[in-house]
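Peer 1: Chains as they are written, first to last, in numbering that gives the first Met the number 0: chain A, 0 to 201; chain B, 0 to 201.
Possibly wrong hints are sitting among the right ones.
Identical copies look the same in the list; a pair holds intra-copy or inter-copy alike.
No more than 20 Å apart at the CA atoms, straight line, and that leaves these computed lysine to any residue pairs for SDA-like [as the list claims (entries may be wrong)]:
{"#": "1", "residue 1": "K47", "residue 2": "D62"}
{"#": "2", "residue 1": "K23", "residue 2": "D101"}
{"#": "3", "residue 1": "K159", "residue 2": "D25"}
{"#": "4", "residue 1": "K23", "residue 2": "D141"}
{"#": "5", "residue 1": "K47", "residue 2": "P58"}
{"#": "6", "residue 1": "K73", "residue 2": "G197"}
{"#": "7", "residue 1": "K155", "residue 2": "R194"}
Calculated directly from the structure, the hints in this document are not laboratory data.
Number of protein chains: 2
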Amino acid sequence: MTDHKPIDFYFEFSSPYGYFASLKIDGLAATFGRRVNWRPFMLGAVFKFTGGAPFMNIPLKGDYFRRDVERCAKLLDVPFTYPDVTPMNSLAACRAYYWLSDDDPGKAKELAQSVYNAFWGLGRDMSDADEVARVATAHHIDGEALVAATQDDAVKQRLKDETDAAIERGVFGSPFFFVDDEPFWGHDRMDQLERWLGTGGW
Amino acid sequence: MTDHKPIDFYFEFSSPYGYFASLKIDGLAATFGRRVNWRPFMLGAVFKFTGGAPFMNIPLKGDYFRRDVERCAKLLDVPFTYPDVTPMNSLAACRAYYWLSDDDPGKAKELAQSVYNAFWGLGRDMSDADEVARVATAHHIDGEALVAATQDDAVKQRLKDETDAAIERGVFGSPFFFVDDEPFWGHDRMDQLERWLGTGGW
């Protein structure tokens, strides 16, 4: 490991491209001696600034994106089931993440990976805190405490602050990365991100 | 050449990713014995359906995209100058294209390539019909006739019809391709398009 800054990885749980990115960003970063700082955020809050909307709900785009996501999953050869309910509400998952992350960032990341796997890998709606708690127990996380934390005012505020900070930094989609201060948006910019890591910019 | 259907290539002149795509789609198609059917359209008309807007005008996205476009141009090693005026109004260029395309699709394509080169390669505003006429003369196209054609009712209607047909087919961005009936959106899906051509789907 060098003393390079970690890569910031911003993602929305409801984003399939964020899911694809989550499966490889750690490995990619490690190749270049970097760690990854996982940052879930609420994309819906960003849409208030950009006038955007979940792609599933946009005329013309909705059909295309479903096809595109399924093609990408097939090419990447990763677990994938298109969920019946999209977009999911990622509030509970995000709050649970930040409830854990200060004390145990590794466990928070494991939870994020399991939520992604349940939603985009298995197609299960993960909007409910009880569902998040269910996957959390596999990581020896206290499910009842998790559910309670999702209603805790400090945890709610923490997620708001994290999302505001993401917007402040220019994050407008998922996944979104910063390598030092260089921004990369989209799973399909990970090749450029990799090149940037290799060359230190160009 | 086989008897495969041509690849449909939809593009907006104001789109830098359309420009990047225009530089390689013919060569890529030829590798697989395909021709390319160039289809300029008015992306602004599409935005009325999708609620979209030129990325240059969207909060947060505007700054990022400018950076992204410049990075892509550098990696692709293609002529590139970020124009002072974006987005350009592509009405005159599109009308001139369809005025030419039935009688001489090859010449229409040369005009499209020159307009792209002038706008995204050299950074010159090409909104005005006189500017389109200026680059057209290099291809032995009658500039005065071109300017007149951009005000011809039949030509105006033709562009409307072409844009409506694109929307009808699901085109919502630039570049947009169909390989047979398979849709691909974006310069960054040309790798998947290439793979599709090679395998006939997957």
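Peer 1: With reference to the structure, classify each hint as holding or not holding.
Peer 2: For each hint, the structure was consulted:
1. For the identical chains of this complex, K47 and D62 are inter-copy neighbours only, at 17 Å across copies versus 23 Å inside a copy, given an alpha-carbon limit of 20 Å.
2. In the homo-oligomer, the alpha carbons of K23 and D101 never lie at most 20 Å apart, since the shortest distance is 23 Å inside one protomer and 48 Å across protomers.
3. Taking CA atoms no more than 20 Å apart as the test, K159 paired with D25 passes in neither setting, with 25 Å inside one copy and 48 Å between copies.
4. In this assembly of identical chains, the alpha carbons of K23 and D141 never lie at most 20 Å apart, being 28 Å within a copy and 55 Å across copies at closest.
5. Taking the closest pair of Cα atoms, K47 and P58 come within 20 Å of each other both inside a single copy (19 Å) and across two copies (10 Å).
6. Only between protomers do K73 and G197 lie at most 20 Å apart by alpha-carbon distance; the minimum there is 16 Å, versus 28 Å within a single protomer.
7. With identical chains, the CA atoms of K155 and R194 are never at most 20 Å apart, being 37 Å at best within one copy and 45 Å at best between copies.
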